[in-house]
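Asks: Chain by chain, the residues run as shown.
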Amino acid sequence: MVEVNSVSKLYGLKAVVDDVSVNIQKGKITSFIGPNGAGKSTLLSIISRLISADTGEVLIDGQKINETKSRDLAQKIAILKQSNQLSLRLSIRDLVAFGRFPYSQGKLTKEDHKHIEEAIRYMELEDLQNNYLDQLSGGQRQRAFIAMTLAQDTEYILLDEPLNNLDMKHSVQIMKVLRRLADELGKTVLIVIHDINFASVYSDYIVALKDGKIEAQGTVNEIITSLTLKQIYGMDMSIQEINNQKICVYFS
Amino acid sequence: MREKSKLLFLLCLAVAVVAGYMFIELGPNWDYALPRRAEKIAVMVLTGTVIAVATVLFQTVTNNRILTPSIIGLDSLYMLVQTALVFFLGSTSLTVMNKQLNFGLSLVFMVAFALVLYKTLFRREVQNIYFLLLLGLIFGTFFGSLTSFMQVMIDPNEFQIIQDRMFASFNNVQTEVLVASSIVAAAIFLYLIKFINYLDVLSLGKETAINLGVDYDYTVKRLLVIVAVLISVATALVGPITFLGLLVVNVAYEMFRTFKHSILLPASALVSVIALAGGQILVEHVFSFSTQLSVIINFVGGVYFIYLLVKENRA
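Residue numbers (this note's numbering), protein chains in the order written: chain A, 1166 to 1417; chain B, 2 to 316.
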């Protein structure tokens, strides 16, 4: 379980994350939603030790992250940030192989190759695996980076806007992969996501942030209501039930 | 495997150029010339390797392929130390003073500066490698201004002695510090082995490196100190020569098109040795000492970069 205990992060005088406490359930998909600048990405970065919190603490399976060795954490928790511009000449396979670094420290074993193959297959990148990153479309590159995160084979997978740059087909594909990771392999997935319909259809829990504070948290059914969404986004949405799934219509 | 054979080719070429430097027009007094040439070529091999490795490390840490360590003002600091010695102690200090002591002094200053620079950055709220570069750039300019200020104040005769130190040259290398700097460089390379596995990951950027379990602050701080020591070794031996690194490292990148430091580091070092020894052969035998090696390298480097630009434009 990931426990976030009254974490705050200040930039100057502005609290980007303001006294946030939240527990993330194991084996489920939890989506972080909220308006731009709500502190979702910052919170995800704090949980994954990319940036340090000013106050409060984060515990992963009962261990404080700032007291755990970075290499051990890297075998437990993986994060993928939104912007992944690389100037390196790297093939997809090379990139995915980097996901095994926490285990092999650069010298790949048979076990590592197995995980790399698996991750590439999961993201349907077999045909492209020897292509270089600079020859790929934005969506393909995004999938390659997610494959690297999968190869890291961590219990917790954190993705910061994984659907950026992706068309509907690949967005659905990635959300289905995440679903399988949670349902079949029991992984815990945390995502920051802007499209609330993707959050509604594919996640188990939703945490809504606004101005650095938690505005609401709960199951999909608890959060995806006209009233709660109005509180979060400050706009009216009608919620339609289509095929037993709650779809928000926010085009006015 | 293609990488291995290319590396082997570079190695052969390097050996050939080094042998060429040793034996071309050796003349009848070989028992006099050979040891002197050997000493010079040792300096070139050491300087070339050290500069190439320092540049690769620096570019990996900054994730930028057009930077050289000179941007954080390390060579300017070296010039400042040399000038200050003459300014306060007189020109005899440079010639009379124990060369090892001078070398040690420059080394201490440059490493201390790298550490202070990093500490300043570390205390800041937003840790950003570009902030470090900017800070270094400003310090470099500041050191440069202080240096010129002192240079215009001192006796013109004394200035000439400093001037010798201002330009990289292999015609009057500081062979007295060869042993000391070889030991320092060897020790630093041994220390670097500890970090060699992290380099590939670091080139993916800070966030990915942390995600993959690299202790980023710890590693980058030590790599910067390694760079500072390597640059001081090269500068103490032949003078400010960091421009060479930019050229040779990019040639190595172009030749190998890889991210693997296990290939890049030796490749850059070999290209660097070839450039230095080959260039010095030209200086001594074609131009008969009428020009400096740094001029030739700058010229060839400039032409090469224009070629790269034109090629990239077309692609």
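It is possible that part of the hints are untrue.
Below are the SDA-like pairs computed for lysine to any residue, each with C-alpha atoms no more than 20 Å apart in a straight line [said to hold, decoys possible]:
1. B:Lys207 x A:Tyr1268
2. B:Lys195 x A:Arg1236
3. A:Lys1234 x B:Thr220
4. A:Lys1234 x B:Asp218
5. A:Lys1411 x A:Thr1384
6. A:Lys1246 x B:Asn129
7. A:Lys1241 x B:Lys195
Read the hints as simulated data drawn from the structure, not as lab findings.
Asks: Does Asn129 (chain B) sit within 20 Å of Lys1246 (chain A), going by the straight-line distance between their CA atoms?
Replies: Between Lys1246 (chain A) and Asn129 (chain B) the Cα gap is close to 17 Å, so the pair holds against 20 Å.
Asks: What's the verdict on Lys1241 (chain A) and Lys195 (chain B), does the C-alpha distance respect the 20 Å limit or exceed it?
Replies: Violated - the C-alpha atoms of Lys195 (chain B) and Lys1241 (chain A) are around 24 Å apart, more than 20 Å.
Asks: Measure nothing beyond the straight line between the CA atoms of Lys195 (chain B) and Arg1236 (chain A); if it is 20 Å or shorter, mark the hint as holding.
Replies: holds, 15 Å
Asks: With a cut-off of 20 Å on the C-alpha distance, tell me whether Lys1234 (chain A) and Asp218 (chain B) pass.
Replies: Since the Cα atoms of Lys1234 (chain A) and Asp218 (chain B) sit roughly 13 Å apart, the hinted pair holds (cutoff 20 Å).
Asks: Holds or violated: are the alpha carbons of Lys1234 (chain A) and Thr220 (chain B) at most 20 Å from each other?
Replies: Distance ~14 Å between Lys1234 (chain A) and Thr220 (chain B) Cα, so the pair holds.
Asks: Holds or violated: are the alpha carbons of Lys207 (chain B) and Tyr1268 (chain A) at most 20 Å from each other?
Replies: holds, 19 Å
Asks: So if I understand the rule, the pair passes when the alpha-carbon distance is 20 Å or less; does Lys1411 (chain A) with Thr1384 (chain A) pass?
Replies: holds, 12 Å
When held up to the earlier numbered hints, the structure conflicts with hint 7 and nothing else.
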